[in-house]
Each structure stands twice: as C-alpha cells, then as structure tokens.
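Protein chains: 2
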Amino acid sequence: MSLPAEFALIARHFRPLAGEGALGLADDAAVLDLPVGRRLVIAADAMVEGVHYLPDDPPETIGRKLLRVNLSDLAAMGATPLGYLMTTVLSRGTPDDWIAGFARGLAEDQRAFNLTVLGGDTAATPGPTCLSLTILGTVAPGAALTRAGARPGDDIWVSGTIGDGALGLKALRGEVSDDETGHLARRYRLPEPRLALGQGIAGIASAGMDVSDGLVQDLGHLCRAAGYGAVIEAASVPLSGAARRLVMGDAALTTAVLTGGDDYELLFAAAPGVADALREAAAGAATPITRIGRIVEAPHEVQVLDRDGASMPLTRGGWSHF
Amino acid sequence: MSLPAEFALIARHFRPLAGEGALGLADDAAVLDLPVGRRLVIAADAMVEGVHYLPDDPPETIGRKLLRVNLSDLAAMGATPLGYLMTTVLSRGTPDDWIAGFARGLAEDQRAFNLTVLGGDTAATPGPTCLSLTILGTVAPGAALTRAGARPGDDIWVSGTIGDGALGLKALRGEVSDDETGHLARRYRLPEPRLALGQGIAGIASAGMDVSDGLVQDLGHLCRAAGYGAVIEAASVPLSGAARRLVMGDAALTTAVLTGGDDYELLFAAAPGVADALREAAAGAATPITRIGRIVEAPHEVQVLDRDGASMPLTRGGWSHF
Numbered sequence: 001m002s003l004p005a006e007f008a009l010i011a012r013h014f015r016p017l018a019g020e021g022a023l024g025l026a027d028d029a030a031v032l033d034l035p036v037g038r039r040l041v042i043a044a045d046a047m048v049e050g051v052h053y054l055p056d057d058p059p060e061t062i063g064r065k066l067l068r069v070n071l072s073d074l075a076a077m078g079a080t081p082l083g084y085l086m087t088t089v090l091s092r093g094t095p096d097d098w099i100a101g102f103a104r105g106l107a108e109d110q111r112a113f114n115l116t117v118l119g120g121d122t123a124a125t126p127g128p129t130c131l132s133l134t135i136l137g138t139v140a141p142g143a144a145l146t147r148a149g150a151r152p153g154d155d156i157w158v159s160g161t162i163g164d165g166a167l168g169l170k171a172l173r174g175e176v177s178d179d180e181t182g183h184l185a186r187r188y189r190l191p192e193p194r195l196a197l198g199q200g201i202a203g204i205a206s207a208g209m210d211v212s213d214g215l216v217q218d219l220g221h222l223c224r225a226a227g228y229g230a231v232i233e234a235a236s237v238p239l240s241g242a243a244r245r246l247v248m249g250d251a252a253l254t255t256a257v258l259t260g261g262d263d264y265e266l267l268f269a270a271a272p273g274v275a276d277a278l279r280e281a282a283a284g285a286a287t288p289i290t291r292i293g294r295i296v297e298a299p300h301e302v303q304v305l306d307r308d309g310a311s312m313p314l315t316r317g318g319w320s321h322f
Numbered sequence: 323m324s325l326p327a328e329f330a331l332i333a334r335h336f337r338p339l340a341g342e343g344a345l346g347l348a349d350d351a352a353v354l355d356l357p358v359g360r361r362l363v364i365a366a367d368a369m370v371e372g373v374h375y376l377p378d379d380p381p382e383t384i385g386r387k388l389l390r391v392n393l394s395d396l397a398a399m400g401a402t403p404l405g406y407l408m409t410t411v412l413s414r415g416t417p418d419d420w421i422a423g424f425a426r427g428l429a430e431d432q433r434a435f436n437l438t439v440l441g442g443d444t445a446a447t448p449g450p451t452c453l454s455l456t457i458l459g460t461v462a463p464g465a466a467l468t469r470a471g472a473r474p475g476d477d478i479w480v481s482g483t484i485g486d487g488a489l490g491l492k493a494l495r496g497e498v499s500d501d502e503t504g505h506l507a508r509r510y511r512l513p514e515p516r517l518a519l520g521q522g523i524a525g526i527a528s529a530g531m532d533v534s535d536g537l538v539q540d541l542g543h544l545c546r547a548a549g550y551g552a553v554i555e556a557a558s559v560p561l562s563g564a565a566r567r568l569v570m571g572d573a574a575l576t577t578a579v580l581t582g583g584d585d586y587e588l589l590f591a592a593a594p595g596v597a598d599a600l601r602e603a604a605a606g607a608a609t610p611i612t613r614i615g616r617i618v619e620a621p622h623e624v625q626v627l628d629r630d631g632a633s634m635p636l637t638r639g640g641w642s643h644f
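Heads up: the protein sequence lines correspond to chains B and S, in order. Numbering of the first sequence is given in the working numbering, commencing with residue 1 and proceeding in unit increments. Numbering of the second sequence is given in the working numbering, commencing with residue 323 and proceeding in unit increments.
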C-alpha cells in the first residue's frame with residue numbers, strides 16, 4: 001500500500017524545514033529542552049487567504065509573512081526565537097507549485113531568523129486557505145517586555161515607519177496609484193519583525209507591544225493594560241517617503257496610516273529619563289525609533305492631535321474581524 | 323472609542339479559560355517556565371468544519387474534540403498536559419451562542435485534563451470554520467515514547483476499541499442505522515485521550531503512537547519508523563458491542579473499522595517478555611489493551627489476516643486529505 005498524498009506533501013515540502021526536536025516531523029509531537037535559565041515565550045497567529053493576504057500574493061511572501069507576524073509577537077516581548085509549529089489548511093486544489101513556493105519562503109526566513117519548524121498538521125478545506133502558526137521563543141527570567149507598566153509622563157515611541165502596510169494593501173488593490181518603487185507593497189507582504197530592538201529595549205521600556213491592528217487601537221490596548229491614557233501627535237508619526245507622498249496628495253489617507261494595521265512595528269512607553277538609553281539600543285539594533293506622544297492620567301483614552309493641537313476625530317481605531 | 327467586537331468576543335468567551343502564564347490573553351505572548359527537570363512536548367492539530375466534524379455537531383463537543391485530539395498526541399508520547407494555544411478562524415456569522423458553547427466545552431475538558439489556555443488568535447473567514455490548537459506537555463528526560471524502536475518479534479497492542487469513530491460518523495450521516503445507544507456517535511464526537519496509559523507504558527513499550535487516520539495506515543507509520551513490517555489478525559482487533567453488531571450485519575464495514583480513522587486509541591509495540599508489565603500499567607490506567615499482532619522482518623509491509631489466515635486486500639490504509 002502506498003502512502004497517501006498528504007504524507008508525500010509533508011515529506012517533500014515541510015520535512016526539509018524541520019530542526020532538532022522535531023523528530024523529522026514523523027512523530028506525534030516534538031520533544032525539546034529550553035536553553036538553561038530561560039523562560040518559554042509562546043504565541044499563535046492565524047492568516048486567512050483573502051483576509052490577511054491577497055490570493056495572488058506570491059506564495060514565498062505568504063510563508064514569510066506568516067512567520068514574521070508571529071516573530072513580531074516575540075519581538076514585542078523582547079524574546080529570542082526558538083522554533084515554530086504550523087497548521088496549513090489548504091484550499092482544495094492548491095497546486096504543488098504554490099506549496100513549494102510557500103515552503104521556499106519559510107526556508108529563507110528560517111535562515112534569516114535562526115529557527116526551524118518543530119511540528120504541525122496539514123489538511124484541506126473547501127474554503128480559502130487558512131494558516132496558523134505557533135511561535136516559540138525564550139527570555140531570561142524577569143526580562144520579558146509586557147503591555148502593562150506604562151506610567152503617566154512616559155514617552156510613547158514607535159519603531160520604523162507607520163502606515164506602509166495599510167497603504168501597500170491599498171496599492172495592491174489599486175485604490176491608490178503611487179507606489180512606483182513597490183516599497184509599500186513590499187512592506188505589506190514582508191513586515192520586518194523588530195527582534196533586535198525588542199531585546200534591546202526590554203530592560204529599559206516600561207511597556208511594549210507590536211502594532212498589528214492599527215496604531216491607535218493598539219495604543220488603546222497599551223493604555224488599558226496600564227489604566228491610563230495617551231496623547232499622540234499625528235505629525236510626529238514617522239512615515240516612509242512613499243507614504244508621505246500619498247498622504248500629501250490625499251489627507252484622508254492619514255486615517256489609513258493611523259488605524260490601518262499590518263505595521264508590525266514596536267510601540268512602547270518609557271520614562272523620559274531613559275531616552276538616551278533607548279536611542280543607544282535602537283542604534284545597536286540598527287532600527288530607527290521616534291517619539292510620538294506621552295502617557296497621560298486620563299484613563300483608557302487615546303487622543304490624536306493634529307498640527308494645531310486639536311483632537312482628530314477617528315471613527316475607528318483599527319482593524320476588527322467581526 | 324469602544325473596543326471592536328473581536329476583543330469583546332475574546333474577553334467574554336476565552337479569557338475565563340486563561341491560566342498562569344497567559345497574561346490574561348492581553349499580551350503579545352505567554353511567558354512560562356517548565357516544571358523543573360522536565361522536557362517540553364509540543365504538537366499541533368487542526369480541525370475544519372465539515373471535514374473533521376459535522377456542521378451540526380454540538381459546539382460543546384467540537385471544542386472538547388479539538389482539545390482531545392491534541393491531548394491524544396501527548397498521550398502517544400507519554401507526556402503530561404501543560405497548556406494550549408488556539409487559533410479560531412470562525413465562519414462569518416457564527417452566532418455568539420455557538421462560541422459560548424464551544425468555550426463551555428473547552429472549560430469542562432480543561433478541568434478534566436488539568437490544563438489552561440495560554441494564548442491564541444481569533445479571526446473570521448468567508449469559508450468554513452477552521453480551528454487550530456497547539457498543545458504543550460512535559461516528560462521526564464528519556465521518558466518520551468516515540469514511533470521508532472519496534473523490533474521483529476514485538477507484540478502489537480491497541481488500547482480501547484477500534485472503529486467506533488468511523489462507524490459513529492457513518493451513523494451520524496445516516497449511512498448505518500444501528501447506533502441505538504448513541505455510543506458510536508459519542509465516540510466520534512468525544513474521543514478519549516489515553517493519557518494515563520501513555521504515561522504508564524512509556525518506559526515499557528518499544529514504540530507507540532495514537533491511531534488517528536486509520537489503524538492500518540498508522541501501523542504503517544510505526545513500521546516505517548522501525549524499518550520493519552507487521553502482521554495483525556482482523557479478528558483480534560477489539561470492537562465495542564455496538565461496532566460488533568454493525569460488522570456482524572455487514573462484513574464490508576470491517577474496512578471502515580480497520581482504515582476509517584478517528585479512533586484516538588494508542589497503538590504500541592513491546593517485547594513479549596513485558597506483556598505482564600503492560601497489563602499492569604493498563605490496569606493502573608483503567609484502560610483495556612489488546613494484543614492484535616506482531617512486528618515482522620518484512621520491511622514496511624502491513625498485512626491483515628482474516629480468520630483463515632489469508633491476507634485481506636485493503637484498497638487504502640486510512641484517511642488522507644488530498
């Protein structure tokens with residue numbers, strides 16, 4: 001009796017990605033040890049075809065984005081990657097070529113981020129492809145950066161640039177025209193998990209998280225975890241050149257930048273006195289950081305100020321699936 | 323600005339399930355320590371509406387089955403449960419009642435199996451609901467039961483009864499009529515992870531796994547891992563009373579029993595000399611075990627003998643998604 005296609009698929013595409021502890025993806029579970037003196041950090045994020053990525057995105061970047069949005073959760077905790085498990089529920093009739101490209105992307109990013117696959121599951125669905133990844137990392141005891149802990153007076157910082165992902169999605173959908181260099185589309189398809197920065201600021205910042213569902217909404221989470229509020233200045237939010245050109249041409253796109261999601265930058269709070277230490281950590285991680293506002297007493301409220309210091313009305317803070 | 327529905331859903335249904343290390347499901351990742359001197363065991367299994375469960379199955383049993391098929395992977399390794407992460411990609415328009423029932427089932431089994439949720443993700447899909455769970459457990463160093471290690475002459479054993487799940491699915495679909503007590507449907511919807519048995523035989527058996535995709539196919543995996551073959555007697559395969567009645571009425575159902583999947587029983591090999599120790603472990607775990615055949619030199623081949631000692635032709639060994 002020959003093996004069914006499911007096992008051939010796993011052997012062909014996913015087994016080459018397996019690392020130590022994975023038992024060749026041939027057992028019921030992986031068995032591994034944590035590095036001595038480290039705590040386990042673990043998170044899971046799903047991506048659905050047509051919801052989190054476009055059906056005609058290259059399969060290489062879909063695999064890499066799946067890994068990177070999960071690595072971004074480790075970055076937000078100041079953790080170091082260890083490995084991952086993945087369940088791929090593939091739309092019936094997904095071509096073998098697509099799976100090969102998907103796995104090729106994963107292999108590339110496994111090398112870039114120094115981790116391997118530990119296990120998972122593969123199935124088929126009559127619906128759109130549904131991918132789920134569980135990421136494992138480690139931190140030293142007491143070193144994890146969490147969302148709670150921001151205090152009134154803390155500065156609010158973000159890494160990199162905000163809004164590229166949301167504008168990149170608009171560009172890929174043809175809703176905005178100016179993405180000549182493809183920078184915005186690349187940022188939508190290939191977010192950059194800020195692992196080195198997360199590890200660098202973990203002992204310095206008072207609270208941190210990654211921006212995945214929109215800057216304003218995610219800042220709201222940081223505020224709720226602390227029991228305080230925040231005021232940020234829209235003009236301070238760092239934009240890429242491509243994003244700035246679009247926003248200058250259409251001021252309404254500011255909302256997409258502030259609430260659109262898919263940034264995967266770090267958002268963190270820190271006492272003003274540690275600003276130099278933060279800048280040093282950012283330089284060490286070769287990742288730009290920008291101060292965009294401050295934590296205030298007003299509980300749970302996120303206020304966005306325009307250039308005149310007036311509060312900007314935003315009908316929603318970010319992305320919701322429901 | 324109020325929180326979007328996604329976060330309300332998580333807070334209402336899933337936060338009450340969160341345990342130590344989960345940071346209230348309010349952070350980017352969970353942070354936890356393994357019990358001192360234990361290794362991490364980790365696996366992931368997905369379930370798709372209409373593929374792994376029936377759309378009109380009660381949501382309570384869907385949640386419990388999702389947890390149990392994953393716990394069965396821990397059982398197969400001889401591991402003790404620690405916690406889990408779950409991504410729920412819900413079909414658009416899934417009623418809140420359904421999610422409440424799903425979470426209620428999880429809560430019940432969390433108590434039964436002594437574990438809690440550590441994290442996850444929630445999203446919506448235009449397709450069928452797609453659930454993915456990553457299970458964490460621990461074993462003592464050197465104690466994990468793996469698939470490799472069976473030797474010619476070893477006895478082959480299974481726990482419980484085989485075929486109930488496959489026949490239960492047929493009964494729920496109306497393809498067979500005799501499930502008066504609902505035993506087979508219950509076994510399809512609520513498999514029993516054999517955790518105590520797995521822990522009990524881990525130091526005794528030479529190799530083990532759980533039967534999820536069909537007895538013959540899964541025995542093939544055990545054989546391939548060892549580089550040997552197996553001969554089993556169909557008449558020795560343990561059946562429940564309900565399954566026996568169906569098979570006696572229609573001999574063709576034997577194929578469904580041997581290859582149908584959804585058993586979640588343990589399948590293991592052990593030297594004949596440890597049979598008494600196995601029986602003692604089984605008694606301690608209050609789980610019946612039955613010897614069904616032996617490992618043979620013939621590489622990779624699984625032979626099923628009928629009552630006359632003739633090899634039964636089987637067109638497939640088990641379930642494949644592709």
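Treat each hint with caution, since some may be false.
[Claimed, not checked] Computed far set for chain B versus chain S, every beta-carbon distance over 12 Å: (1) 23; (2) 38; (3) 42; (4) 75; (5) 121; (6) 151; (7) 172; (8) 196; (9) 241; (10) 271; (11) 279; (12) 294; (13) 307; (14) 309.
[Said to hold, decoys possible] Per the computed footprint, the stretches of chain B lying under chain S, defined by three or more beta-carbons under 8 Å from a beta-carbon of chain S, are: (15) 56-64; (16) 77-86; (17) 247-253.
[Stated by the list, open to error] Derived list of chain S stretches under chain B, where covered just means 3 residues or more per stretch with a C-beta under 8 Å from a C-beta of chain B: (18) 350-359; (19) 369-382; (20) 436-444; (21) 448-454; (22) 597-608.
Just so you know, these hints were derived from the structure itself, not from any lab. Ideal Cβ positions, reconstructed from N, Cα and C, are used throughout, including at glycine.
To see whether the hints hold, each was checked on the structure:
The beta carbon of residue 23 of chain B is not kept farther than 12 Å from every beta carbon of chain S, the shortest such distance being approximately 6 Å. A Cβ of chain S approaches the Cβ of residue 38 of chain B within 12 Å, the least distance being about 9 Å, so the stated non-interface status is violated. With a least beta-carbon separation of about 5 Å from chain S, residue 42 of chain B fails to lie farther than 12 Å from that chain, contradicting its non-interface assignment. The Cβ of residue 75 of chain B does not lie farther than 12 Å from every Cβ of chain S; its closest approach is about 9 Å, which violates its non-interface assignment.
Some Cβ of chain S comes within 12 Å of the Cβ of residue 121 of chain B; the nearest lies about 5 Å off, and the non-interface call is violated. Listed as a non-interface residue, residue 151 of chain B keeps its Cβ farther than 12 Å from every Cβ of chain S; the least gap is roughly 18 Å. No beta-carbon of chain S is positioned within 12 Å of the beta-carbon of residue 172 of chain B; the least distance is around 19 Å. Residue-level check passed: residue 196 of chain B sits 16 Å from the nearest beta carbon of chain S, beyond 12 Å.
At the 12 Å boundary, the C-beta of residue 241 of chain B stays outside the reach of chain S, the nearest C-beta of that chain being 29 Å off. For residue 271 of chain B, the condition that its CB be more than 12 Å from all CB atoms of chain S holds, with the nearest at approximately 21 Å. Every CB of chain S is more than 12 Å from the CB of residue 279 of chain B (nearest about 23 Å), matching its label as outside the interface. Every C-beta of chain S lies more than 12 Å from that of residue 294 of chain B, the closest at about 19 Å, which supports listing it as non-interface.
Consistency note on residue 307 of chain B: stated as away from chain S, and its beta-carbon is indeed over 12 Å from all of that chain's, at 21 Å minimum. Every beta carbon of chain S lies more than 12 Å from that of residue 309 of chain B, the smallest distance being close to 20 Å; the non-interface claim holds. For a cut-off of 8 Å, the count of residues in the stretch 56-64 of chain B with a CB near a CB of chain S stands at 0, and the three-residue condition is violated. Interface restraint, the stretch 77-86 of chain B with chain S: holds (4 residues with C-beta to C-beta distance below 8 Å; minimum three).
Evaluation of the coverage hint for the stretch 247-253 of chain B: breached, as 0 residues show C-beta separations to chain S shorter than 8 Å, against a requirement of three. Figure legend: the stretch 350-359 of chain S, annotated as covered by chain B; annotation consistent (7 residues with Cβ-Cβ distances under 8 Å, at least 3 required). Only residues whose C-beta sits within less than 8 Å of a C-beta in chain B count toward coverage, and the stretch 369-382 of chain S has 4 of them, enough to reach three; the restraint holds. Coverage of the stretch 436-444 of chain S by chain B holds [criterion: at least 3 residues with CB-CB distance below 8 Å; count 5].
With 5 residues bearing a CB less than 8 Å from a CB of chain B, the stretch 448-454 of chain S meets the requirement of three and the coverage assertion stands. Coverage of a stretch by a chain is defined here by at least three residues with a beta carbon nearer than 8 Å to that chain's beta carbons; for the stretch 597-608 of chain S and chain B the count is 0, and the condition is violated.
When each numbered hint is compared with the structure, violations occur for hints 1, 2, 3, 4, 5, 15, 17, 22.
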